[in-house]
Amino acid sequence: MTKTIEDTGEFAGWTTWKDEPFEFESAGPFYFRVDEEGAVAAFRVQRKHMNAGGVVHGGCLMTFADFSLFAIGHEAMEGAYGVTVAFNAEFISGALEGERLEARGDVLRKGGSLSFIRGIISGEDGRPVMNFSGTIKKRKQS
1 MTKTIEDTGE FAGWTTWKDE PFEFESAGPF YFRVDEEGAV AAFRVQRKHM NAGGVVHGGC
61 LMTFADFSLF AIGHEAMEGA YGVTVAFNAE FISGALEGER LEARGDVLRK GGSLSFIRGI
121 ISGEDGRPVM NFSGTIKKRK QS
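In terms of the UniProt record's numbering, the sequence shown is numbered consecutively and its last residue is 142.
Calculated from the structure, these hints are not laboratory results. Glycine included, C-beta positions come from ideal geometry on N, C-alpha and C. A couple of the hints might just be wrong.
Straight-line Cα separation of at most 27 Å, DSS-like style, residue types lysine-lysine; simulated pairs [to be verified]:
#, residue 1, residue 2
1, K138, K18
2, K110, K138
3, K18, K137
4, K110, K137
5, K110, K18
6, K18, K140
7, K110, K140
8, K18, K48
Estimated spans, in silico, between C-beta atoms of each pair [said to hold, decoys possible]:
#, residue 1, residue 2, range
9, K137, K18, 17 to 25 Å
10, G9, L114, 33 to 41 Å
11, P128, E36, 29 to 37 Å
12, E124, V83, 30 to 38 Å
13, E78, A52, 37 to 45 Å
Given these sequences and hints, build the entire structure.
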């Protein structure tokens, strides 16, 4: 995957994967960077992310969490292409339109081909929105 640095707007200086059409164009756009606390992924909630109940759709949160697995674990991937082979999530709180959501986490273990990662998505006020964990498998890009 080719990383792209955003050059305008709220996420100027943040990295994204514009060659991931679902995550960037349809579900996102989602962004990440590394700061003094480690990797952080973020996005600003738009109308397209909402469900009929007035909160962010669970599928959107799960897609953002999957993106976040790779943002958190991108150094462990050492530039290799990877796929998610396991994913778990617990919904904790709803998120509203216009809110900025962030995900942070940890690489629990990096093996030869598998990386185990966990994280939490939080709202602007720091409240937990979703807890997630997953396993990424390195694979050769075809």
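List in ascending order the numbers of the hints, as given earlier, that are violated by the structure.
Number 11 - this is the single hint that the structure violates.
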